[in-house]
Every structure is written in structure tokens, then in C-alpha cells.
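Chains as they are written, first to last, in our numbering: chain L, 355 to 599; chain V, 69 to 356; chain D, 1295 to 1677; chain U, 245 to 580.
Simulated from the structure, these hints should not be mistaken for laboratory data. Warning: the hint list may mix true and false statements.
[What the hints assert, rightly or not] DSSO-like mimics (lysine-lysine), calculated; alpha carbons at most 27 Å apart, straight line:
1. K1660(D) x K1452(D)
2. K374(U) x K322(U)
3. K405(L) x K476(L)
4. K1382(D) x K1321(D)
5. K451(U) x K516(L)
6. K559(U) x K476(L)
7. K405(L) x K438(L)
8. K1321(D) x K517(U)
9. K405(L) x K516(L)
10. K1660(D) x K1533(D)
11. K476(L) x K451(U)
12. K1622(D) x K1321(D)
13. K405(L) x K451(U)
14. K405(L) x K357(L)
15. K476(L) x K516(L)
16. K1622(D) x K1574(D)
17. K1622(D) x K1382(D)
18. K517(U) x K1382(D)
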Amino acid sequence: MLKVDQLSKDFGGLQVIRDLSFQVADGERRVILGPNGAGKTTLFHLLTGVKQASSGNISYAGTDISAMDAVGRASIGIARSYQKNNLFENLTIRENLMLAASAATGKSNWFIRDASLHADVKTRIEETAEMVALSDQLDMMVNAISYGNRRQLEVGLALATKPSLLLMDEPTSGVGPAMIDRFHHLLDSLPRDITILIIEHDMDLAFSIADRITVLNFGEKVFEGTPAETRGNATVRQIYLGEAK
Amino acid sequence: MDASFWLLQCLNAMQYSMLLFLLSIGLTVIFGLMHFVNLAHASLYMLGAYFGISVSAMTGQFWLAFMLSPIIVTCIGAVLYFTLIDRMRGAGPMNQVLVTFGLIFVILDLVRLGWGDIALGLEAPAELSHTVSFWGISYPAYRLFIIALGLVVMISMWVVLRRTQIGAMIRASVENADMAASLGINVGRLFFLVFCFGCALAGLAGVAAAPIFSATTTMGITILIPTLIVVVIGGLGSLEGAITGSLIIGFLETFGAVLLPSLSAVLTYMLLAAVLVFRPQGLIPARG
Amino acid sequence: MKSILKNLVVIGGLAVGIHMPAFADTKVGLVLPYTGTYAALGNAITEGFNMAIDEAGRSDEFTIITEDTEAKPPVGLAKARKLVLQDKVDVMVGVVSSGVLGAMRDFVHQAEVPLIVANAGNNLATGENCSPYIVRVSFSNGQINRPMGTWMAENGVKTVYTLAPDYSAGHQMISSFSAAFTAAGGEVLGSEFTPFGQTKDFGPYLANAQASGAEAIFVFYAGGGAINFVKQYGSFDIKTPLYGSGFLTSPLYVAAEGEAAIGVRASLHYIPTLETPENKAFVEAFMARYGTMPSEYSVQGYDAGLALMAAVDQGGTDSQSIAAALPKVSYVGPRGALEIDPATNNIVQNIYVYDTVMENGALTQKLIDTISSVRDDVAGCQM
Amino acid sequence: MFYQTHLRSIALILALGFLAIYASFGSYFAREIVVEITILAILAISLDFCAGFGGMVSLCHGAIMGIAAYVFTIMGVKLGWPSLPSATLGLLAAVLFSGMVGWVTARTSGIFFIMATLAFGQMAYTFFFKSRWLGGDDGMGGISRFDLSWLGLDLNDALVFALLGVGVLFLVYVVASILLRSGFGRVLCGIHSNENRMQAMGVNTAKHKALAMACSGFMAGMAGIIAAQHTLYISPELLIWTVSGEVLLVVILGGIGTLVGPVIGAIILIMMKHELSNYTDYWHMIVGVVLILAVLAGGRGVYGQIEVWLEAFFKPQAPKEPKEPTESKEKEQDLA
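All chains should be built: construct the whole structure from the sequences, respecting the hints.
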């Protein structure tokens, strides 16, 4: 279970996250909604340890991870995908996935054996490629594949580390409807032992996959509930949905 | 060692700082604007000194040499810009470093061919070859002139960058060249102007330094490292960084020589290492 | 033009071999820096050496192979190995920097090919690390500075402040000066070594020297460093008189130093203004040939040539016999009477104390005093 | 990412074969040149390991080599240790020094990393330059070569020494290629490509980079031991930053990030230097011009360019070749 307690973050004088508390149960699909500048991506930075909170606590699977750095949090199974593609551009898809798999399985400390030949890594590359539907392009250079495929790989890189908690930052940003369907399918197919936090702007996708939705505005939690409750909430409508329409 | 001794040393430190400033400001502005690490900048400094000596020897006029030499160096810089530098933009820092490293070799041997291997000197102009006495010390007028020259360049650069149209254009381009281009700034021409200006300052530093230091074929290579250190400590691409960096290095080296002579050879390197370990982008980076 | 060789004086009843036919071809390897900081010195030595051979009309007798050491010890050693093992030279001439000499020393000693040292002044090369195959016709660091220490103390200087670059030669020059100066009753009030090759601005050090209250400043600087030092000393208008190792105001650099050099007193093994017939002839010939005044480096090259020819004339045909003949060489050359001390293989020569003066609009050297036949101690040298 | 392709194997065999033949049938000086090439090539492989694959363009590789040579000599000559333990200690010192440099500079990148390594290298240089006990700038002699008579080898024979050098070069190449193919090496390339993503996937990149520098230091140390064994004399000259600059030049000239390119670069540079210095004192200029032309021709280096040509020839749609603009853009960000 992920537990966020009284989390705050300020840059200079600007409060980006204030007194944010929420809990995500194991295996839950949680969608984070909120207008631009609501602090969603900052929340992800705080959860993954890229930035340290000004105050408040984060605990995961029963341990307080507030003081843990990014590397430490990644190694206990927290993975993320990025809003802007953050890939190994000059490598192939296979190599990208291999790096994720080797990193997550400690093969980075193998000084003699070639990790990419290891059965464990190989199967993981293939499985992940299958999941994100990139199996037929494994040996393409990343800088030669389409934008949509890069978005898929972005998620693939996170999945290849076999996370128990996956944070996805707008996986569908900038892609067309066909690709959004693919992501829908992908999210549905992910096993339930992965807890997922997802920032998503596509409402249909968000409402159909979410177990619960947390709505942020100006760094504060303004609402939390099931998709149905969220749809019916006046505040949310006003600050977010209204704006979206 | 009384107060006048320390005043004397402070002036020495200032004088050295100002020379470093003249050199490093060109390097840092070129980097800030074009993201180009021009190692051959120090070779232009050497050319400035040698051309100054030649012009002065031919005409007997120091001030003519002082004016002409930076112009000649700028012309050489312009030639380099169109033949190499412009072509190398966007080729990645590694390639830029190497091309300009190659240029150092070429310019070095051309200087050897043109002026020989023997060190040459340049006499300070008669009106500045005396010493000035004040507050209980007497100090070479020429060194005071260099301090003044550095300060004038420093202040005018600050004014130009902060208060004028072209300064605003340069700052905008340092911030984001693509954005600046979309705002209608002719970035290519701006780059060229700034590059020429940097070359002129390098040439000026060379001819200004010649009466104090002799001109040798290795003077470019020897000054390159301190200049790079100034720029890197200060933070690449920032005017304030270059000022801070040159003052820090100038004072550190001077007072290191006085107070910690046994360590003075490594003091600068120790500072550089310390700065980079704790502030990997330098003290005052250009952005953020 | 009169041949300098005519001035060769033969000691010990050995025949002068001017008339020897040029059958015996001697292979000579010149190992000198032709690029880098010391390129000017390498060229000056080569000029002097070539002039000596040409003047004697014996250029067919010697095959000369030049190699560039870049003044880097490993490069110098590699070049020496090449000359000996591949080109099979009979003798080598050269070496500007002490570091290169240090690198070559063991190899030369083991290969048993004589090396005529035409510059590098490292005391150890003719001291602790001496070798029957290393003969020096230039100078040792101690040889130039010891007499100056004594001379200054005897001529009324009581206290000095010393400055030199922080490297081996700098330390050797200053320590031999200081030892002689203190032994003769002087006192060294302060001493500083400036970072080697980095120091361009001597302002801070000059202020220190002045503040020490010493009666005189004694320094060792050479090349670009010498020019910087003298000019900056001049610009600060310092009243403390400046003395130095003669490289400070060497004819090679004095023009660049300008008026600041006037009045600087220094000691050296050669100045081009020596009023001897041998030197006058040499200077005249040198000017005619190269159009410039000779420097101490040209003379070192020249004397290396003379010493080599003298050794050949004394029956030196191969490495061993040349090595055996070299220590017996002695003659009166441009720098006066000189001989090789067989106990150390270092040269025994006069040291000249001189002033730099302005004469007819040009800077020149004015002889003040001559210290005759300066011989180094046998400091741990076992042949 | 590193692959020991057939092309690379062939190029390596050709290069090493050339060196061995040149040493065997050449004159005495040819053997000297071969040893010089081996030393430079080992150093260049070591630099390519961290610069070409780890993105750490170091200007202290000369210093790392020099430290190994000095520690080896101090142990052997000053303290009278036998040569094998001295050499081991020398290598250890090089590994520790470069690992330390890698660790403290891990947060810097681009020109800042270059300058930081320059600073550490120059500090080491100044330390030895000023150590009167170690001969200061005059250096130290009295080194003797390894006694390999139990193998029937006499290292004082120039040919044996040259061939042994070629052997060590091969060994270092093998070590570097194994390291680069291992999980560690793969991840190193990943860090070079995108450091922050690698961190996000749980890799302690600072530790990784320090280890990579340490590995590179081991190879540079090997070059140092051979250099000391070769000249039987060492001086601070080995550590000066221009030595590192020359190594960088060799890496680029041959082809950075190809591992075999640096070997070819070393052969070209040393041969060119020796040939040119026979004709002119101005050979630096020619080296400079060659360098400029090499970069203008695409910056892939001699071997790198050949590899691109041949790959295009054999597989017209080679997927491995990176696209030019993306790569340079990525590198630009690297520095900024």
C-alpha cells in the first residue's frame, strides 16, 4: 500500500504541493486528474524520489521511504514512465528493454557475463515487447521508430523492471485515437499485482480504467472517489471538467 | 610586510585578474551563445601579442599596434569563422574541441614559421613606462593601465548586455536560440558579431600582455588552462561568472604565491576540483 | 677567414690532425630539441656545431644525423636508442634539458657510446651519476653559480634574496650559489621557488623580495621566464640591484628585455664581447655565417664540434677510442682556455662576471671580472 | 552499445598482425616504435572505454598511467620489492586514483568533467614534479625489466619486448571487450545514453561511473607499467595533461566508441609523427591539419568511417547506424 501523508513541496516561495494525503491500495488503478500546473508531475517526482518533499511522509509497503533516494525507490519496485519521452535514443528497442531488465535484476553488477544473453533477461525483453506491442520492431533504433511506438516503449521501459508500483505520466500524450485504444488494451491487460498511478488527460480512458480518481488543483487534493462519484462532483466539474469542455 | 605591501599585492592580483577576464569573457560569451568551446581562443591571444610586436617594430608606434593588432586578430577570427567554426556548430562539443585543438597546433607552427622560436618582447609605451607613487607604494603605470582597461571593458560589457537592444538580443539568444530566431533575431549574424568581438578581446589581451610578459610560442597553451579554469569555475556562458572566476583565480594565484608558495602550483587546481565537486555547473551558471 | 682550428693548442704532445685524411667516417647523432619550449636552444647548438665542422673543412668526415627530443625525456631516450642501436652512431652530441640527460644516462653508460653534453647542466651527470661516456663541454649548474656567490660576497654584498623556478635545475643553481655565498660570509635572507612554467607574473614575488630588505636579489631564469622577469623587475623600478645566473641576460634574450636589463650583473661561461683573438674571430665568423650574434648556446655547440674533432684527431675512430680521447681534449676557444677534467668529465673553464650595458644604441655585455679555470669538485664521481 | 563484430575482430587481427610483423622484420627502431604504439594504444583503449562508452572524456589518463609507473618504480627501485608485487601495487594505485576521480566527479558532465579530470591529473603531476625524493622533474632511473627467463623469454631483447607488448595490448583489448559486453558494460552504455533514466530504473550511476573509471584506470595502469619497463626511466612528463590530450586525439582519430579504432589511431599517429619529424620540425602543424580534416570528414575517425562504409556495403539497410542529427543533438545536451 502506498501512503502519502501531509506531503508539501515548495520551490522558492511557490507551493506546488500542499498538505497532500492519500492512500492507494495494492493492485489499485488510481488516476490523478487535474488541470495543468496542478502539481501532478511534481507529485510523481516526489514519489519517485527525484525531488525531496519539503515536508510530509511517503510510505510504501509498510516502510517509510521519505528519505530514500531515487535509486533506492526504484530498487524496491517503484517505476515510472515519463510525460516527455525519456528513452535511450541511440540504442535499439531490444537494448532499451535489456537495460531496464538488467538494471532491475542486478545484472548491472555482472562484470563478465553478457546480461543480454541471460535467459531471465531475454524472456523479460520478449514478454515486455509483447505487452507493449513492439515485438516486431525489437531491432529498430529508437530514433528511427514512430512517436506512438516511442510512447509504447516509454511504458515498456517501466514495465521491464517488473515494478510493483507503476507511475505513468500521461502515457497517451500526443497520440491519436487508435493509439489510445492500444493503451487502453495494454492497461487492461496488466496483471493486478501491479499497483498503478496514472496521470491521464483522456477522460474516456481515465474513467474506464480507474478504480478511484484523485483530483488535484493548485497542489491540493480537491476530491477523491470512484469514477462515478467524480463525474457527479460539482467542484470537480467546475475546476476541471468544465474547463475541459 | 605592512599595509602598502598588501596594497601592492592587491594591485598585482587585480592586474592578473583583468588579463584573465579579457581572455575568458570572449571564450565564455562564445560558449554561452553558440555552445562552442573554442580552444583556439588562446592561440588568438598569442597572435595578438605577435602582431602587436610586429606592428610596433615596423611603425615604432605602440598605440597603433594596440589598435591594429586586435583588428588583425578579428580578421583572422572571421576567416576561421567562415571556414571552420560555422561549419562545426551543431557537430557536438567533442568535435569542436578537437577541431580547435587542431587549430592550436596549426597556429603554433605558423607562428614559429613567421616569428621564430626565440621569445620576443614589446616595450611599454613611453608615457606608461614610469611608475606611479601613491599611498606609500610605487606601481608601474602600465599595470595600472591594464587594470583600468579591464574595468572599462567589464563595465561597458555589463552596460551593453543589460541596457541595450543588442544586449537584450544576445541574452535572449543565450537563453534560447530557437526562440530568439522565431522572434525575428538574425541569430546567425549575431553569432558572427559576438564571435568577432570575442576574437578582438583575445587579440587585445595579447597585445596588452606583451609588454609585461614576453611573447613565446607556448604562451597560448600556457594561458589556455587558466582561462578555461576561470570560465568553468565561473560557470560557462555567464558574464558574472567570468568576472567572478577571473577575480578568484587572480587573487588566489597572487596571494597563493605570497602566502603559500609551496602549494601555489596546485592551488588553482584544488579550487577547480572543489568547485566542480560541489557545484558541478560552476559558481554562476548562465541558466537556472 | 682564419680557421679557428689554427688556434687549437695542443697539450701533452699530441699531434693536431688538420691534415689527417678523411678516410675514417665518424657517425654523429645530434639529440636536441627542435620543437617545443627549447627549440631555439636546439637550433643554436646545431648552428654552432655545424659551423665548427664546416669551418674546419671536415664535413665529409662526419655523417650527422639529427633527432628531435621535443625536450621530453622518454622521446629523448627513444631517439638515443635509435641512434645507437639502429644508426650505429659512434658518438652523440646534444641534450638541452637535464631531464632528457637523466633519462639517457643509464642507456649511454651501458651502450658505451660517448655523449658530448652541449647544454644540460645537471650537477649529478658529472657528479654522483658520472660516466666515462658522458663528457660535458657546456657547464654544470654549480660551476656557473658557485663563483658568483663568492664574488658577490667578496664585492660587498652582505645579504641576498633568491628566486628561481621550482625544478631541479633551479634548485641546483640556487643551492650552489647560496652555499658559496654563505661560505664567503654572506647571508641569504629569503628564497622562493616559483611554479615551473606557469609563472608569468613575477610581481608578487618581486614585492616579497623587496620587502625582505636584502641588499641584492639573485635569480636564475632562462628563456621566456628571463625576459618576463627582467622586464617586470624594470617596470617596478625596484632599487634592490639584480644579480643572476648569466642565462638571465643572455645575448639571445637581452634585446627582448630592453632597457630593463641595463645594470643587471650576471655570471656565465661565455659572453660574446670577450676581448680575445679567439673570440673575436669566432664572433666575426658567426656573424658572417648566420647574421646574428652568437650566444652561449651557439658556443656550446661549437665547442662540442671542436672537442669531437680534437678527440678524432687524437686517434678516436670508434665509440671506445673517442670516449677515451675526449677527456684529454684541451684548447683555447672562444670562451678562453678550457679542458676536460678526467676526474669528472666536466669542462674546466673561466666564468665571467658581466654587466649589461647600452652601447651605441644596443645592449651588450661588459666584462667586469673573470674567475679563471673553475673546476667542479669530484662530488661522488667514480669513473 | 558494444558488439565485437566480425569486422572489428578482423581489424584487430590485422592491426596486431601488422605490429608483430613490423617488429619482427623491422629494424631496431621499428621495435621501439611498436612498443610506443602499444603503450599509446593500451592507453587509448582505456580512454575509449570510459569516454566512448561511458561518456567520460577524461583528461587525466596520462596521470593515471604515470601513477602506476611511479608506484611500480618506487616499490622496485626505492624499496627494493620484487617486480611482480611492485607492478600489482602500481596497478592498484592507478585503479584507486581513477576510481576516486570517477567517484568525486560523477555529478559533472561534458566540459565540466573534462576540466575536473584535468585538475586531478595536474595535481598528481605537480605532486611528482615537486617530490625531490623521487627526483622531481629529473625523474627516476634504475628500473630493470621483468625476469621472464623461467618462460624462456629475455625481455632485454627488443623484439621479445615488442612482441610481449603486442600480447599485452591484445589482452587489454580482450579485458575491455569482455567488460563492455557484460551487464556492467551494457549499463555503462545506458548511462552514457541517458543517465537520469538509468537512475530511475534503480542504477546507482555515480557508483557505476566510478567503477568504470576504476576499470579504465586498470588498463591505463598496464600502459604505465609497460612504459616504465620500456624506458627503464620515468619522469613527471608521463603525467602531464598534454599526454592525455594526445591520447584523446588518438581515440578520435581512430574512431571513438569502437574499441579497435583507438588501436588504429595509435598506429597512425606514432607512424605519422616519426615519419614527419624526419622531414620537418613543423610536424605538429600537419598533425593539426589531419585532425581538423578527420573531424570535418564526419568525426567518426578512420576506423569508424571504414566501419560505416563497409556496413552500408554489406547490409544496405543497416539498422544499427544512428541517425546523424539526433545523435549530435543528444551530445549537445550532454555538454550543456
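Consistency of the hints with the structure:
Only pairs whose Cα atoms come within 27 Å are accepted, and K1660(D) paired with K1452(D) is accepted, the gap being roughly 24 Å. Taking the CA atoms of K374(U) and K322(U), the gap is near 17 Å; set against the 27 Å cutoff, the hint holds. Restraint check: the Cα-Cα separation between K405(L) and K476(L) comes to about 33 Å, which exceeds 27 Å; the hinted pair is violated. Straight-line distance between C-alpha atoms of K1382(D) and K1321(D) comes to about 8 Å, which keeps the hinted pair within the 27 Å bound.
The straight-line distance between the Cα atoms of K451(U) and K516(L) is roughly 23 Å, inside the 27 Å bound, and the hint therefore holds. Straight-line distance between C-alpha atoms of K559(U) and K476(L) comes to about 25 Å, which keeps the hinted pair within the 27 Å bound. Between K405(L) and K438(L) the CA atoms are separated by roughly 17 Å; this keeps the pair inside 27 Å, and the hint holds. For the proposed pair K1321(D) and K517(U), the alpha carbon gap of about 24 Å is at most 27 Å, so the pair holds.
For the proposed pair K405(L) and K516(L), the alpha carbon gap of about 23 Å is at most 27 Å, so the pair holds. Of the supplied pair hints, the one linking K1660(D) and K1533(D) holds, its CA atoms being roughly 21 Å apart against a limit of 27 Å. Under the criterion of a C-alpha separation no larger than 27 Å, the hint pairing K476(L) with K451(U) is consistent with the structure, at around 26 Å. Pair hint K1622(D) plus K1321(D) holds up; C-alpha atoms about 21 Å apart against a cutoff of 27 Å.
With a C-alpha separation of about 20 Å, the suggested pair K405(L) and K451(U) falls inside the 27 Å cut-off, and the hint holds. With a CA separation close to 17 Å, the supplied pair K405(L) and K357(L) stays within the 27 Å bound. At most 27 Å may separate the alpha-carbon atoms for a hinted pair to count; K476(L) and K516(L) meet this at roughly 14 Å. This hinted pair checks out: K1622(D) and K1574(D) have alpha carbons roughly 26 Å apart, not beyond 27 Å.
The hinted pair formed by K1622(D) and K1382(D) meets the criterion: a straight-line CA distance of about 24 Å does not exceed 27 Å. Taking the CA atoms of K517(U) and K1382(D), the gap is about 22 Å. The hint holds against a cut of 27 Å.
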